[in-house]
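Peer 1: Line by line, the protein sequences give chains A and B. In terms of our numbering, the first sequence is residues 1426 to 1723. In terms of our numbering, the second sequence is residues 3 to 339.
Since the hints were made in silico from the structure, they are not lab data. Among these hints, one or two may not hold up.
[To be verified] Between beta-carbon pairs, the in silico distance windows are:
no. : chain 1 : residue 1 : chain 2 : residue 2 : range
1   : B       : Gln175    : A       : Gln1601   : 53 to 63 angstroms
2   : A       : Arg1631   : B       : Trp197    : 50 to 60 angstroms
3   : A       : His1546   : B       : Gly239    : 49 to 59 angstroms
4   : A       : Asp1458   : B       : Trp197    : 56 to 66 angstroms
5   : B       : Asp228    : A       : Lys1510   : 49 to 59 angstroms
6   : B       : Val212    : A       : Ala1467   : 12 to 22 angstroms
Since this is a predicted model, take the numbers as computed values, not measurements. Virtual Cβ for every residue (Gly too), placed ideally from N, Cα, C.
The lines below spell out each chain.
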Amino acid sequence: MSRRALAGALLVATALACGAPSAALAKFPVTIDAANGHVTIAKRPSRIVVLSPTNTETLFAIGAGRQVIAVDDQSNYPSSAPRTKLSSYKPNAEAVARYKPDLVITSTSSGKLIPALGKLHIPVLLEPSATHIGGAYAQMAQVGAATGHLGAARRLVARMKRQIGQLVASVPKGRQLSVYHEISPDFYSATSKTFIGRVYSLFGLRNIADKAAKAGNQYPQLSGEYVLASNPDIVVLSDTKCCKQSPATVKQRPGWSGLSAVSSGRVLAVNDDIASRWGPRIVDFVRIVARAVRAARA
Amino acid sequence: MSARRTTAVAIAAVAFLAAAVVAGVLVGPAGLPAGEVVQAFAAKVPFLGVRSPLGPTESTIVFDLRLPRVALGALVGAMLAVAGGAYQGVFRNPLADPYLLGIAAGAGFGATLVIAYGPAGSSTSMLLPAVAFAGGAGSVVVTYLVGRGTTSLILAGVTVAAFFTALETFIQQQRSESIRDIYAWLLGQLETSGWTEVAIVAPYALVAVVTLIAHRRLLDVLRLGDDEAAALGVDVGRVRLAVIVAATLGTAAAVAVSGLIGFVGIIVPHAIRLLVGGSYRVVLPLSIVVGAGFLVFADLLARTVLSPSELPIGVVTAFFGAPFFAVVLRTTRLVGT
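Isolated chain B (complex conformation) (with noise of 0.2 angstroms):
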């Protein structure tokens, strides 16, 4: 793809992240008006001079309500979005998703641990998280150690998310009443009180994100086989490990806070490749920007589409995004990962 052409869809991704983030903190079920929030953000620059016309409610919905979860989407999004398009790069597999290796079935036993048998009220306190990363990257590890070595990493992963999805729907089964409280966490959500979710994420996503970046002209050579990559210097185990760790720790560190997100991870980095090509040197970067905007876009639908109740995200993700990729699959030719 010609460079012109890249550089085009990068400044139209940048253009749609931002779009999504002014409507993300302009819009939202309270029906503040939208000149208000705006003069409310300028009063925040010093020397403007502008007073905020929000009162302290006010105000706090759209600091402390709206914008964490913004933030929130943006930083899930952008995690998901890279981990699978570095996922579907290491496993040469457009179906690689980061959930691949198990995440999901191991972050999703953690939280129904957590709601089924926790204490009172610790479904909305800082174990529930903690356990939900601890199950994600546990359950990575436990396919690591079965299929390492082999070609069947991807299998390992089928098998352990089998068992542990496994053990979750049995504990759902024996505690039937907190089954609404699990599924709407499985379903994922973005519902934020404060900036403390997103203070979790960002860190492990700054790594992650600067890792896979850091390995994305490696998994460039990987495209053309592991013998072929080893032939050329590249210690093929190493890049493999290294994008799994980093995917792996972001994406567990955003399930944990967000729930199960589906479809980010496979249709962000492939509607990128349609447009302008399988390397990764463009593919990752560009995965961040849209995976963030295309989050925080999906977030903004999930709470105003059925406003004043909220829709869970991964419902949003997939009805709106399967379309949305279907149709750019069929105006645009396939490119190989």
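Only chain A is shown next, with the shape it has when bound in the complex (with noise of 0.2 angstroms):
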């Protein structure tokens, strides 16, 4: 690492540590610790290509969208940011560097994308599906300092953490509550060790995919049987897209009629993305579960 990079990276470090204003901290070259090691970006990047719909969604919520010159072909929010057909599961690193981009932010290290990008001398974030909120917001703070936006992701963190916060407290402590979370018909659902399922934590519900969690496969497929058997108090349909489950389909499934769930109306459809992202849109998720825990427990 040169110089000048590692004095990027302390200012970086020092300005994370004690809360700097934002105007110091558009300094580069900065030296970012992303999961695929230490990543030095020169100057701010202007041409930043996403293969990530969650870092799509943060880098145009901290108003770098402007830098964005191309995302991939799942990042379907926010509807301004420049869709291209450039594959976020497997992309070609030909196809990328076409674009000349001077960033690329990418969530997943399968194939040769990352080493072929660095060939090419084209900076990557490795930025991989956050296991709890605090490494979303993490994450959000280090590609806020990458593009030159540290000051705005550390607002929106703390205007997330604020409204997550006031979330919670709005709801009643009361009698536990259990949730399945599903994930697709076939039953596969997310554990509490998961990104999604901390959420529900947030609230002390009981997620019955966690008694299926063994040899440690958080998201475990359930048997239809056990999901009746447990009869969950909520049930989140996270597969409203992709699957088009919806309460009224999920009413006419045997045996469902007469789960609790159902028959008091707390069946929840969400967005699969809003369900399934480690983004700034987190938040509406949990406004929506609060809301269905504050209804049962009232």
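Build the complex: two chains, separate frames, hints provided.
Peer 2: In structure tokens, the structure reads:
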């Protein structure tokens, strides 16, 4: 690492530690300690390619949207993001290089994208899916620092923390409730150790998937029988877009009309994207859950 | 078949490989003008006085991303095709392919282990090919120990493959979050970021190809049947072992860097048999050339059909290979293996 880069890294580190105003933070070069190691960004990037829907949302939320020249085919939010046919799942390095980016942000480390872009001297930040909300906040600060918007990123994180705190506080303590989070209609679910599962833990909900987390699988496939026997108080459908599930379709499933969540109308249909991305809109998801828990305990 | 026909097919095969390589280097998602790429190559030739019109980025794309990918495709394709041809000979079974003795399941199990439980970033490190190679070669050793001395080596292969597939599927169920990465590997890919993969495969492929070519006449004798071959003084067991070891090592190395690319090992040798007859003296060398060309061409489709995203090459080899093979099958008469 060059001395200039080192100085940049120290500056960011200090800034993060003592909360200096944002004007002092837009200093480059900056070194980011991303999941793919230390990445040095020489100057404020102006041609960013984002291959991660979550990070697209974050960049636009912190005012870095104008520096973004291309986003992947799944980055559907906000609608002003320059969506392309680039794949977030199997990106081709040549196709990415065609945009002549000065920064690439991706969430997947599979394939040869990162070493290939390394060959082309294009800095890449690997920002994999967060497993807890703190990790998501850290990621937002990181892409903020990388794009010259650390101040805005820190304000976004502070606002999210405040809003989530208020939402959690707005729900009265009460009887223990159980929740079933559905990722797909064949009963794939998420345990309390996943990013989305931790939202339920905020409200003290008991996650029925936790018992199925044998051998460390945090996204287990539950048996239909087990879901019925658990009789969850709240059912969250995050397969409304992918698989066209809704409170109405769920009611048609054999035996489901007898579930307390179904009979008392606590089947939540949420946008798959909001319930699977670790970005700024997680507040919207927390709000939906808070409303349901509040109603259930009222 | 006449010698003249064989010569004509050989020339066509070489032309096919050359065309595939040229197209593979000239075409890609970056959309560089073909003329400039040609000039860049000419610039590499000393005393020609040509200057490359490509900038450093474009130049890296051509020489460090595309060229090694084409080379890897050629190596892997040649290896799979010649191994398939040799397996068909040594087992006298037209359905034999390089994965017959459990390589695919063993390598898949190894790769799954690394992707699911390996340290972060290990799916792109050298750990994955090493473990996949060990899994692939190891499963064939198990198959050989289980089925040795009996006529049921193929059954042993099926058994070992079923067992490793079960383990692999179990891990995938346990680690459903890594299933996409595992799946991407299983379907095969020739993505490179330099010459590392080529360097890994090349020595194994070279030894395997030389060994198999050296045995091509003995494979012809084996076509007569084990007893007849033994009566002619051929040590059937030794020939079979040598061919299996060579084909296994080469295939395991190919699988380790490129995943499971199906169909090449079946259709290429058979297409050649249909065109020039069943003699291994001709089938094996031509399999090398045509297999290389076929996979380079398939990879060209894999990275351009869905451009800018990539299609798993295993899909391309089967989707375009199967109809092609059906046509060859319908228009020529079947020749015994």
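Peer 1: Out of the numbered hints, which ones does the structure contradict?
Peer 2: 1, 4 and 6
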